[in-house]
Structures are given as C-alpha cells and as structure tokens.
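Put the two chains together into one complex, using the hints given.
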Amino acid sequence: MLDVINIVLLVIVAGLIMMQLYLSKLGIEKVVPRVDSREPFEVREQTENSLLLSTKIEFANEGKQCATIMDCMVRPQLPYEQYDGIEARGKAELDGAKREDDYFEAVLIQKQESIFIHAMVRLTARKGQDLKTALAHMVDLPLDVIYMETGRTPWHYSKVRVVLTAQELASLAGVELADD
Amino acid sequence: MAELEIVPVPTRILTDKDNIIDCVEKYTKGKIGENDVISVAESVVAITQGRLVRPEDLQISGLAQFCCRFIPDYGSLASPHGMQSLMDVEGKWRVAFALFAGFFGKIIGQNGLFYKWGGEQTALIDDVTGTMPPFDKYIVYGPKNPEEVVKKLKERLGCFGAVIADVNDLKRSRIVGVTEGVDGEKVAHLLIDNPFGNASQKTPIVILKNFKQYQQQG
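Protein sequences, first through last, are from chains A and B. Under this note's numbering, residues 1 to 180 are what the first sequence spells out, in order. Under this note's numbering, residues 1 to 218 are what the second sequence spells out, in order.
Next comes chain B alone, as it looks inside the complex (with noise of 0.2 Å):
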C-alpha cells in the first residue's frame, strides 16, 4: 500500500503577474500523479488573483475607525485599514452591523454573529505583516472563486483533487476550497503543523502525495 508523503513544492515569490494555475503546473511537474492532492496556500492564490491592497491605498473612513476599535489587536481587522479593506468589499453599513451584532451577540452567548453576517471576506483578510515579503505591506484578501480555482487547478493537473488551504503556524488550518470527492477536513488536519513553512522558505504549494488510499483507508 502506498504512504501518504507530504512534499512542500519550493516556488519563487508569485505576484499578481502570475497564473496560479500555471504556476502549480509548472512546478509540479512531474511529482504529482493521480492519486495525489495538491494544496495551495490561499493568500498565494490571492496574491495571484490580485486581491491586495496597500494601506496607503485606502480611504480611511471614521466609521473604520471606530469599529476596528471592537476587534482584539491581534486580529486583522484591528486596525483601520483591515476594517476599512473589509468594508470596501463587503459594505461599510454591513460590516458596523454585523459587528453591532456580534457584540450583542456576545453579551446574550452567542457566538460568532460578527463572522457569520459581516461576510465571507470577514474571516479571510490578513493585515500588513501577514503575508510574507514583498506583501508583508499589503492587506491581502481572500480568493476569489476558490472552487473554481480547486476544479481548474484538477482538471489541469489530473490528480485525485486539489484544495486551497489557509494555514498557519498557530496550528490554524482551514480549507477554504476543495475539490468533489475530497474530505477537506482531512486535509486540513495533515496541514495543521504548516508543511507550507515559513515566509523564507517559499513553498506555498504541498503534495498530497497517496492521499486517495489514505482517505479510503478511513
């Protein structure tokens, strides 16, 4: 029976001049087969997509202000910019809502609220010093189209499947996109001690190798 084998893919830093899908073609050649999943680091797959924006971009309103003074300052909505690169993408009225909300919520046991209806970009924006250099400067959001992106990405490379995978060294590990037939939470647990490294070691894609009879294998 074939192990399972985890193998990060070493990349140059890919930008917004990139195609994910080309680039995971490029340098997984000849190391995937049909058997594997290959994962790919989300905010790389943002990066790609062009989802990024400088801070000194943004047009700091007082209500970002106001409301990014509700989040934890380890989070990244914390700061002005994060919440206003939330509220340009998801609607400032939504977003104080959500959080107005989310803060009642709190208060009566509920949970959660603020992430539920602030939207999908609520729990996938990471501030400056997020991402590794250059876009260490950057607010990077989350992908766009992750399911189609995990379909192309198959389709192209004729493996077993393909996730998008945000994962850190917090032991924080989410699948954010996932092919049919594929048990992302399976995935994500194989990821959780961030085979995708640190900033300096450059592998923002990771090889499932054997993943389909590790899955059967229950």
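Chain A extracted, bound-state conformation (with noise of 0.2 Å):
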C-alpha cells in the first residue's frame, strides 16, 4: 500500500516539475525600455511662450511571450517649490501613431520585437516671464515614463526615469542659463 502511494506521489511531483519546465521553457514577455539609448530630446514646436520637446524611446521586448502596452503617460516632476517659472505637462506618443488628443491605444510588442514611444514635454512660460528668460533660470527636469504592461503576467505598472538636463534645454532653447 505504501508503495502505491509513493508511486502515486513520485509521478505527481515528476509531473509538476515537467509542467514548471515546460512553462520556464516557454518563457513570459520582457518589456525593456532602453532608457539609456533613447535618442537626444528635440524640439517639436515652439511658441512665443511654450516649447515642446521630445525624445524617442526604444521599449524591447525581450522575453519569449507577446506583451502589452496598454497605457503609457509622461509625468514631469517639476514641483513649484523648486521652480516655479515654468509649467511641465507631458505625453506619451507611440512612434508613427500621431495623435491631437492625449490618448495612448493599447499596443501589442511581439517577442523579440520594439516598438517606439515618444516621451513628450510642453513647457510653458509663467508669471507673465517670457519663454527665454524663463527658461534661462530651469532647472533639470526628470519625465517619469509610466507605463501599464501585461502579457502572461497580470497587468501592472512600471516606471522609468529620463532627466531633460537644464543645459540640454538651454542648448536647444538657444538662451544661457543664467547663474542662480
């Protein structure tokens, strides 16, 4: 009797460790967003009081399973109580799929596929300050890309950091930081 027992548990375990290999085997999605080889932020459009720049970010999909974007947003991480000169809203813009509103679709990255996604920030100037001298006293402004991602794995949230240094802005707002 204890025999058959053993048998019995000796083929359940060997068929539990043979199911967690074959799922291992088959592997989850991977979203890797190359925050280190995103492109130079660029400037888009630029108003008498706003500029609006963007950089584009590489998310790879690394695993073995098609994973999904569903929702992805820009948080600049300006607090008034470290400047105040300047207001920051941001975007998120898949590549080649331009859009007037601030809506993201959902997109699907199949294994071992990228898709890109335009980290976008309007800047504007406030206090009634023109845009130049405003910027002339910014400081380095940090985007949270935040993004919803599922596949095998239930949705949830992940978060990478780009920073839009003040000399990369001054640079490509063509003003001279001013020395604060």
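Please note that a few of the clues may not be correct.
[Claimed, not checked] Straight-line C-alpha distance at most 25 Å; calculated SDA-like pairs for lysine to any residue: (1) A/Lys98 to B/Pro10; (2) B/Lys171 to A/Gln110; (3) B/Lys202 to A/Asp102; (4) A/Lys25 to B/Arg69; (5) B/Lys92 to A/Leu23; (6) A/Lys30 to B/Thr129; (7) B/Lys92 to B/Phe70; (8) A/Lys25 to B/Ile108; (9) A/Lys64 to B/Gln65; (10) A/Lys111 to B/Ile60.
Treat the hints as calculated values from the structure; they're not laboratory data. Everything numeric in this text was worked out from a predicted model, so none of it was measured.
Take a look at the structure:
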C-alpha cells in the first residue's frame, strides 16, 4: 500500500516538475525600455511662450511571449517649490501614430520585437515671463515614463525616468543659463 | 435585376449608453429596403449591451494565470485577465477542465475540444487591443442573445434579414446571429474583406443591398 502511495506521489511530483520545465521553456514577456540609448531631446514645436520637446525611447520585448502596453504616460516632476517659472505637461505618443489628443492606444509588442514611444513635455512660461527668461532659470527636469504592461503576467504599472537637464534644455532653446 | 451592393454605414462611437436597435434604425434611416440585409459588428452589439470589463476590475486568480499559459500568445485568452474574464462567465472549473481536455484531445488528434466544452464565450471574447478606442483597454465579451437582437433588428427595420458578424482584417468572418431565411454562410463570405473597416473608419453597420435577390440566384 505504501509503495502505491509513493508511486502516485512520485508521478505527481514528476508531473509538476515537467509542467514547470515546460512553462519555463515557454517563458514570459519582458519589456525593457532602453532609456540609456534613447534619442536626444529635440524641439517639436516652439511658440512665443511654450516649447514642446520630445525624446524617442525604444521599448523592447526581450521575452519569449507577446507583451501589451495598455497605457503610457509621462509625468514631469517639476514641483513649484523647486521652480515655479515654468509649467511642464507630459505626453506619451507611439511612434508613427501621432495623435492630437492625450490618448494612448493599447499596443502589442511581439516577442523579440520593439516599439518606440516619444516621451514629450510641453514647457510653458509662467508668471508673465517670456519663455527665454523663464528657461534661463530652469532646473533639471526628471520625466517619469509610466506604462501599464501585461502579457502572460497580470497587468501592472512600471516606471522609468529620463532627465532633461537644464543645460540640454538651454541649448535646445538657445538660451544661456543664469547663474542662480 | 438589382445588383448586390455592400454599403458601410458610419456612426459615432457607440457605448453601453446606447440601444443597438435604436442606433441602427437612426443611422440607416432611408438607406435600407425590404430586400436588404443589415449586418452589425459583434463587438459593437456587445458594447451596447454593456458586455465589457476592464482588466483592473477583475480579481485574477492563480488558476487563470496558470491556464492562460497554455493558449498561444496571440489568442484573446492568452492573458491572465482574458482567461479570468472567461472563467467569470463560464465557470473556472469548467474552463480548466475544457482546457485540460483540449490539451489531451490534441495529443490524440481531436482538435477543438476546449472551444466545444469551455462555453460559448470561449471563441467570442476579445482581449485588450482587440477593439477600437476607447474600448482598446477593455475585454469585450460576445453579445448576449444574438438571435433575439437580429430578430428585433429585422422587425424594426422591415428588411429581408439581419446578422451579427464577427469579422476582422485577418480574413476571419463568422456569423454570430442570423435571422431565419438568411444564408449566414453567404453573408460571411461577402463580409470576408471586412467592410466594417478599421477602427478609425467607425462603420460598425453594413447594409447588404439586394441580398434577397442575390441569395435567390444561388
């Protein structure tokens, strides 16, 4: 009797191990935002009192299964306690799918393939200043790129950060940084 | 002899606040006759019935996470939320059993057991990205009581017939509900090139003008 129970247990354990090995072989998705190799910021649009900047980030699926980016947004981290001369508003836009609204349409990333997302920020001068004056006193601006991802794993949010330095911004806007 | 004509009808985005019968009547007014068949996209019927759910609103079980791994990654049930949405309507043990049976069925050369025993929603659920914005972030079920919906459409519009169709750009064309007297297979064949169009075209209604004569011709 004991032998039968042992054999049954052995079969169950062997089955579980084989199942685990099978699932490991299948793998899951692995979304990697390649922020280190992102393209430099560029000016998308410039008006009298605002500047729209953008950087293109590759989102690679290095996993073995299809991934889905259900949503993506850009959160500029500029508290007015730090600098209140500029209002910063972020937006994420899928490369090749320009939208006038602030909607991010859910998108698939097939295994071993990539998509590109533009992390954008619009900077608008505040407190009656002209843009150049406001930008001359600007600080480094971290942008959190927050994305909702899923695939074989339940949906979850992930976040990466890119930093638009004051120096890079000044150079793009053609202003000289003030020595504050 | 009147020629068959396929006429896509643009609409605004329809939501769960809309009544599909009223909307179809409104958008096809003056365009549909007694020899025509009205065809409505399956996902739009389901959306107007409120048959959609956000992944965030589901309690995703370990069983759903496990079972979804056995569906190819391009399938609507391949994600934990897609699988959970099915389990919520068809029963988790029924779905798990059907999956298990389907797996062993394949080994002995018997395909399709999962879809046969897993419940009607098994083949009807659209996962996120499967529907146009703003429903791209939702899981959309198949429509409820499709036969009743097409019957009401036919009565209201006074046309030859009505169908609910599941069509996509990958040459999949399937009739989910059809009124008596209409050859569903013929309609499915006519819709194979997806006259409902892509998301931005917003044409969830298609009129098959003079379908009655077309069907009679054989």
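Does B/Ile108 sit within 25 Å of A/Lys25, going by the straight-line distance between their CA atoms? holds, 23 Å
Given the hint that B/Lys92 pairs with A/Leu23, test it: the Cα-Cα distance must not exceed 25 Å. holds, 20 Å
Mind checking the alpha carbons of B/Lys202 and A/Asp102 for me, to see if they're no more than 25 Å apart? holds, 20 Å
Quick one, are A/Lys64 and B/Gln65 close enough, alpha carbons at most 25 Å? Holds - the C-alpha atoms of B/Gln65 and A/Lys64 are around 16 Å apart, at most 25 Å.
Within 25 Å, alpha carbon to alpha carbon, are B/Lys171 and A/Gln110? Given that 25 Å is the threshold and the Cα spacing comes to 21 Å, the pair holds.
Under the criterion that the straight-line Cα-Cα distance not exceed 25 Å, is the pair A/Lys25, B/Arg69 satisfied? holds, 11 Å
Agreement of A/Lys111 and B/Ile60 with the hint, judged by alpha carbon distance not exceeding 25 Å: holds, 23 Å
Holds or violated: A/Lys98 to B/Pro10, with C-alpha atoms at most 25 Å apart: Holds, at roughly 23 Å.
Given the hint that A/Lys30 pairs with B/Thr129, does the C-alpha gap stay at or below 25 Å? holds, 18 Å
Holds or violated: B/Lys92 with B/Phe70, Cα cutoff 25 Å? holds, 15 Å
The earlier numbered hints are all upheld by this structure, with none contradicted.
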